[in-house]
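**Q** Residues per chain, in single letters:
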Amino acid sequence: MPRIVGKEYKDLLKRYITSQNEENLYFGQQFSREFIEKEISPEEVISIHKNALVDVFPDVPDKVLHSFDFLIEMMIHYGLALREHQSLIRKQEEIQMEMNVAAKVQDTLLKTKKPDFKELDIGFVTEPAKKINGDYIYFLNDNCSEASVAVADVMGKGIPAALCMSMIKFGMDSLRNENTSPCNALDIVNRIVEKSVDDSMFISMFYGKYDARDASFSYASAGHEPALHYKASEGKFVELNAKGLLLGVHKDVEYEEKSVILEEGDFIAMMTDGVTEIRTKQGFIDEEIIQSIMLEVKERSAQTIAETVYERLSQLQDFQLRDDFTIVIFKKE
Amino acid sequence: MPRIVGKEYKDLLKRYITSQNEENLYFGQQFSREFIEKEISPEEVISIHKNALVDVFPDVPDKVLHSFDFLIEMMIHYGLALREHQSLIRKQEEIQMEMNVAAKVQDTLLKTKKPDFKELDIGFVTEPAKKINGDYIYFLNDNCSEASVAVADVMGKGIPAALCMSMIKFGMDSLRNENTSPCNALDIVNRIVEKSVDDSMFISMFYGKYDARDASFSYASAGHEPALHYKASEGKFVELNAKGLLLGVHKDVEYEEKSVILEEGDFIAMMTDGVTEIRTKQGFIDEEIIQSIMLEVKERSAQTIAETVYERLSQLQDFQLRDDFTIVIFKKE
Amino acid sequence: MEYRSSVDIHSEWDIVAARQLGRNEAKKSGFGTVDQARITTAISELARNIYLYAGKGKIEIERHTGNGLRGITIIASDSGPGIPDIRKVMEDGFSTSGGLGAGMPGVKRLMDEFKVDTEAGVGTIITATKWLR
Amino acid sequence: MEYRSSVDIHSEWDIVAARQLGRNEAKKSGFGTVDQARITTAISELARNIYLYAGKGKIEIERHTGNGLRGITIIASDSGPGIPDIRKVMEDGFSTSGGLGAGMPGVKRLMDEFKVDTEAGVGTIITATKWLR
Ligand SMILES: [Mn+2]
Ligand SMILES: [Mn+2]
Ligand SMILES: [Mn+2]
Ligand SMILES: [Mn+2]
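Read top to bottom, the protein sequences are chains A, B, C and D.
Per our numbering, residue 1 is the first one in the first sequence, and the count goes up by one each step.
Per our numbering, residue 1 is the first one in the second sequence, and the count goes up by one each step.
Per our numbering, residue 1 is the first one in the third sequence, and the count goes up by one each step.
Per our numbering, residue 1 is the first one in the fourth sequence, and the count goes up by one each step.
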């Protein structure tokens, strides 16, 4: 324990004992912060105090001095808790840094290239609620006439979700060379997931495929949120539902496949539940809000539509996402 | 502040002031733990102490009492640090739980089956330094005459490493159906890694393949620690080096492939740098320690050899691993 | 009934004046020594923040008396730059390691109720209350 | 030169005896009040662990004197079940929340050097030293 600290403490204590004014307490407290920064433990503070008191007031009764020895003993465990605290803060900072690196690795690992496709304008936004994203978008662009996308949401957030996701990525990679249908794609990914993860981990996925030859959009869903089809001719939205279990539940699942034709100005919005199940302090928002936001900007680019939905909904939530947020727009030009 | 606590404290203090014996300090300290559990802050302890002292010793001088008021003021920031500590511990527990789930997911995702192979006794230990392992073992057992293993170490530890590892797993999965040579296996995995991760992420890998038809062990290395070949006939170890860059650096790398013949009682030890670069407070350990540990138990099973190395080296490090620890033993019976 | 008094913060000495006012009011409200020290520390932190980050401002002390709940409210207001990222400022873990003193999470812990209103370029009002139990 | 003395641990009262021995030896070594209390607390934790988890054992105190380094070593030994997962026992974060007291990380912090030897079914020897500065 530094001697200078004891000297300074004695001076402050002496002044306070002489006249109990606020100024001395203010400086005393400022001084106590330095103590904490210098990792002086509370039992040392008591000991410094005891020595200062004896100096200031030499005839302090023995009983009082004994009482300080007792108090020092009482403070030892407080001192330990404080030192543990300092080590925990260091640990916490390490974990933060690790999460930042992990988020960067995830970005590179899962990067997917948006197809550059004539007649089809593609836009998307995907934002994690915490550092690490548990939603996932994967684009496939097999040949010059087809563009596909898989939108997935891993149950749970954070690291466990991220680990599962890299599995999906490599499952999807294995589809690259096959010109496959939506229900077939889900079937293949489902087998991989079922084999690789345990029963507590589920993944929902929407798979959509646009075929430029007949302007058809075919889709299948593994327990995922329905997509929305904006019909420009009617100025209305239609929900695109397709039956199918979540990925990873059973080995053999029948995925229903459906299709619609896209007219000029039509678009498809594929989302995760982080978009549709937004909660504010007042409760869940009405899903129609999403449609009305999209209606406002329906003439704009696919990317603008996606970004507008994100900005408006994140404002509604005071800019604090409770779940990962992902939206993909396929718009027929 | 509960009144009962004050009463009990007063009794303890009174007894201590009367006779300064150890018993009272022991009970006092036990009591102080309860204080911490009840979240009684250090400034409250000083206040309890002051009140008890006045009770025990009514003619305590005013100056002493003022000094306690000063001490209370000094303790306020200590009290805040302690409460912050309690909230950090709760946060830490949350992260721990997430890590536990992630570790479980990783285990399931990366599970590999040790080949059950006649003539070849296989043993291994892989222990993460933190919750999540950045070392990886992958066994392949293509047919009845060949058993292969890949031992990998992702640069860095923890979550970022775990994300990369699932990529390696799916890279290896794609080898399953090819009866490939070690240098070919490294070449394929290198291309996947190079494509998927950014330039700051490197992976070292040792690939070994035992062929029962001629008792040969062929191997290749991507910047990995050399393996050790124990020659029973000479009672000595030989290092198995093979040239090759780390995975993920360049797209096209030539991996050197070599091979040795295993005689009865021979074994190969493949390790990560978490085994060979062990540091104690006194500095790095001499690598010969590993050899002398293995010599001691060379007659035992492959699993016992692996476990003995782990136990001894972890003791040398005071049971605190600084890096993930992985060792695989292939022993000719 | 409510008694209201205030101290303008222009210099470091005004921090001491605000502390003194708070301690007196806390004593009048019937708070014990430890709670007096806590309320005073909270005032000290808020006044110091005004002095350091806004230059000047005001600390008001409201003493709630009467039959209902008794307690003390601190209102710290300034026309400074505002707090750009409240989430970050309210985060734990830096109050003891850095030189920032107890910081906002500390003030929140010292009191029972805590509220921040802030707008960039307009200023900040922090309201914190402690009830007598 | 080294002075060695010891206390057998069979009952909770022996914990007090071990503490007393440790405090006396620490005082003789020239440690101040706070360090005396720390050494005594470390002994207390170790003796309590013996009492709770091994049933019986021994606390030895070695006092290092002479021209070189001066200090005190505590050797706590038992023939109990051993510590199954030392890494877990050495982990931070549970000493204050649980009812386990300072635990092993606490003892390590109270002293300057710390070493555990343990084997399942054979027993545990913990050695901890504090140097006089
Ligand atoms: Mn999710
Ligand atoms: Mn979701
Ligand atoms: Mn590593
Ligand atoms: Mn390593």
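Don't read these hints as lab results, they were simulated from the structure.
Treat the hints with care, as some may be off.
No farther apart than 27 Å at their CA atoms in a straight line, the calculated lysine-lysine pairs in the BS3-like style are these [what the hints assert, rightly or not]: (1) Lys14(A) x Lys38(A); (2) Lys27(D) x Lys91(B); (3) Lys258(B) x Lys114(B); (4) Lys38(B) x Lys7(B); (5) Lys91(A) x Lys130(B); (6) Lys258(B) x Lys131(A); (7) Lys91(B) x Lys195(A); (8) Lys111(A) x Lys104(B); (9) Lys114(B) x Lys104(B); (10) Lys111(B) x Lys27(D); (11) Lys113(B) x Lys195(A); (12) Lys38(A) x Lys258(B); (13) Lys111(B) x Lys111(A); (14) Lys104(A) x Lys131(A); (15) Lys258(A) x Lys118(A); (16) Lys27(D) x Lys10(A); (17) Lys131(A) x Lys7(B).
None of the values given here were measured: they were computed from a predicted structure.
**Q** For Lys38(A) and Lys258(B), compute the direct alpha-carbon distance and say whether it is at most 27 Å.
**A** Roughly 58 Å separates the two Cα atoms, so the pair is violated.
**Q** Against the 27 Å threshold, does the CA-CA distance of Lys111(B) and Lys27(D) hold or violate the hint?
**A** violated, 57 Å
**Q** Is Lys27(D) within 27 Å of Lys10(A), Cα to Cα?
**A** holds, 25 Å
**Q** Below or equal to 27 Å on CA atoms is what counts here, so check Lys131(A) against Lys7(B).
**A** violated, 50 Å
**Q** For the pair supplied as a hint, Lys258(B) and Lys131(A), is the alpha-carbon distance within the 27 Å limit?
**A** violated, 44 Å
**Q** Taken at face value, is the distance from the CA of Lys118(A) to the CA of Lys258(A) at most 27 Å?
**A** holds, 23 Å
**Q** Take the C-alpha atoms of Lys104(A) and Lys131(A), compute the straight-line distance between them, and say whether it is at most 27 Å.
**A** holds, 10 Å
**Q** Take a quick look at whether Lys113(B) and Lys195(A) sit within 27 Å of each other, Cα to Cα.
**A** With Cα atoms ~14 Å apart, Lys113(B) and Lys195(A) stay inside 27 Å; holds.
**Q** Holds or violated: Lys111(A) and Lys104(B), Cα atoms, limit 27 Å.
**A** It holds: about 25 Å lies between the C-alpha atoms, which stays within 27 Å.
**Q** Run the distance test for Lys27(D) versus Lys91(B): straight-line Cα separation, threshold 27 Å.
**A** violated, 41 Å
**Q** Could you grab the alpha-carbon distance between Lys91(A) and Lys130(B) and see if it respects the 27 Å cut-off?
**A** holds, 12 Å
**Q** Within 27 Å, alpha carbon to alpha carbon, are Lys114(B) and Lys104(B)?
**A** holds, 19 Å
Hints 2, 6, 7, 10, 12, 17 from the list above are not met by this structure, while the remaining hints are.
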